[in-house]
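**Q** Please build the complex by placing chain Z on the supplied structure of chain L, with the hints as guidance.
Going down the list, the sequences are from chains L and Z. No gaps in the numbering here: position 25 of the first sequence is 20 in this note's numbering, and each next residue is one more. No gaps in the numbering here: position 89 of the second sequence is 84 in this note's numbering, and each next residue is one more.
Heads up, some of the hints might be wrong.
Each pair may be met inside one copy or between any two copies, as identical chains are not told apart.
Stated by the list, open to error - When the alpha-carbon atoms are kept at most 20 Å apart in a straight line, the in silico SDA-like pairs for lysine to any residue are as follows:
(1) Lys4 to Ile84
(2) Lys150 to Gly20
(3) Lys55 to Val146
(4) Lys55 to Gly122
(5) Lys55 to Pro39
(6) Lys55 to Arg118
(7) Lys31 to Arg70
(8) Lys4 to Pro41
(9) Lys55 to Ala86
(10) Lys31 to Gly85
(11) Lys55 to Pro22
(12) Lys150 to Asn51
(13) Lys31 to Gly56
(14) Lys55 to Glu120
(15) Lys150 to Ser117
(16) Lys4 to Gln14
(17) Lys4 to Asn51
(18) Lys31 to Leu44
(19) Lys55 to Gly85
(20) Lys55 to Leu10
(21) Lys150 to Gly122
(22) Lys55 to Pro12
(23) Lys150 to Asn134
(24) Lys55 to Arg149
I should point out that these hints are in silico values taken from the structure, not numbers from a laboratory.
Number of protein chains: 2
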Amino acid sequence: MTTQTLTRKLYLDDLQPGQIYRSEGEPVTMDSESIKAFARQFDPQPFHLDEGTAANTFFKGLAASGWHTAAATMRLLVEGGLPLAGGIIGASVEEVRWPRPVRPDDRLRVESEVLEVRPSRSRPEQGIARVRTTTLNQNDEPVQIMTSHLVVQRKLSPLIQK
Amino acid sequence: MTTQTLTRKLYLDDLQPGQIYRSEGEPVTMDSESIKAFARQFDPQPFHLDEGTAANTFFKGLAASGWHTAAATMRLLVEGGLPLAGGIIGASVEEVRWPRPVRPDDRLRVESEVLEVRPSRSRPEQGIARVRTTTLNQNDEPVQIMTSHLVVQRKLSPLIQK
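In isolation and in its complexed conformation, chain L is listed as follows (with noise of 0.2 Å):
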């Protein structure tokens, strides 16, 4: 954990939609070795494991799985990208895009927009935000536009140690 998720922790009541997080650590590096990796306990496909047979699919070399950098995502997420005082949760996601593929080396980083901000009825310890999360490469281009829907604490909640 970062000294920014434990100096900097939001509830629903600071969101607001417009507001943008960024993560401001070490990006990711998604490096050819932990692409096969994660690929061949995931994702075991031709354009996932090897820079040879990559060549000739789809992809035209090797690229992550779209799930290798959902999963890099929420961590960069969780290690400060987005600092929510219960954590990320997500309830649910709508929309995940992958405009380009991950190559090897590529080191991401990520950008959250809060949409909308909805404190829930029946739970008044909490509420949704909705949140666009864009991951980027090194040259700054999305390689994954994600809305997920969040479960956020509320000032007044019990689960939450201030």
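**A** Showing chain Z alone in chain L's frame:
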């Protein structure tokens, strides 16, 4: 890769709305160690890392990261759950929901329903299939519901070796 994947390769031309495909091999077991290992790498939050700490959180016990469930789902699809000729290539995901947590030792399988089939106008060798994939636990309860848009090859594709 399973025998099923090698023997039944589906092209866009084979798909019709209403068809259901199921993973028929071994379920994926989400044991406690693999839940924590994924979390350490990609989603280091208390409710995914440690049984004791998890008891006092939103999840009231250890639960797999939703991205771990998504990755395990991908593995089941790739290993024969949806034997598409060109592999499982997501253009985008329209929705992902996690209706209940995945708990240690849950055994997961997948069912995919073809919702829509759209040949591409600009690229006659491929098209898009809109598919709803439900990930179920050993009690046949859905733990993830995902609707995705998959790039699927047509029979005339030069990229596919029959």
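**Q** Need the list of violated hint numbers for this structure, in ascending order.
**A** Of the numbered hints, 2, 11, 20, 22 and 23 do not hold.
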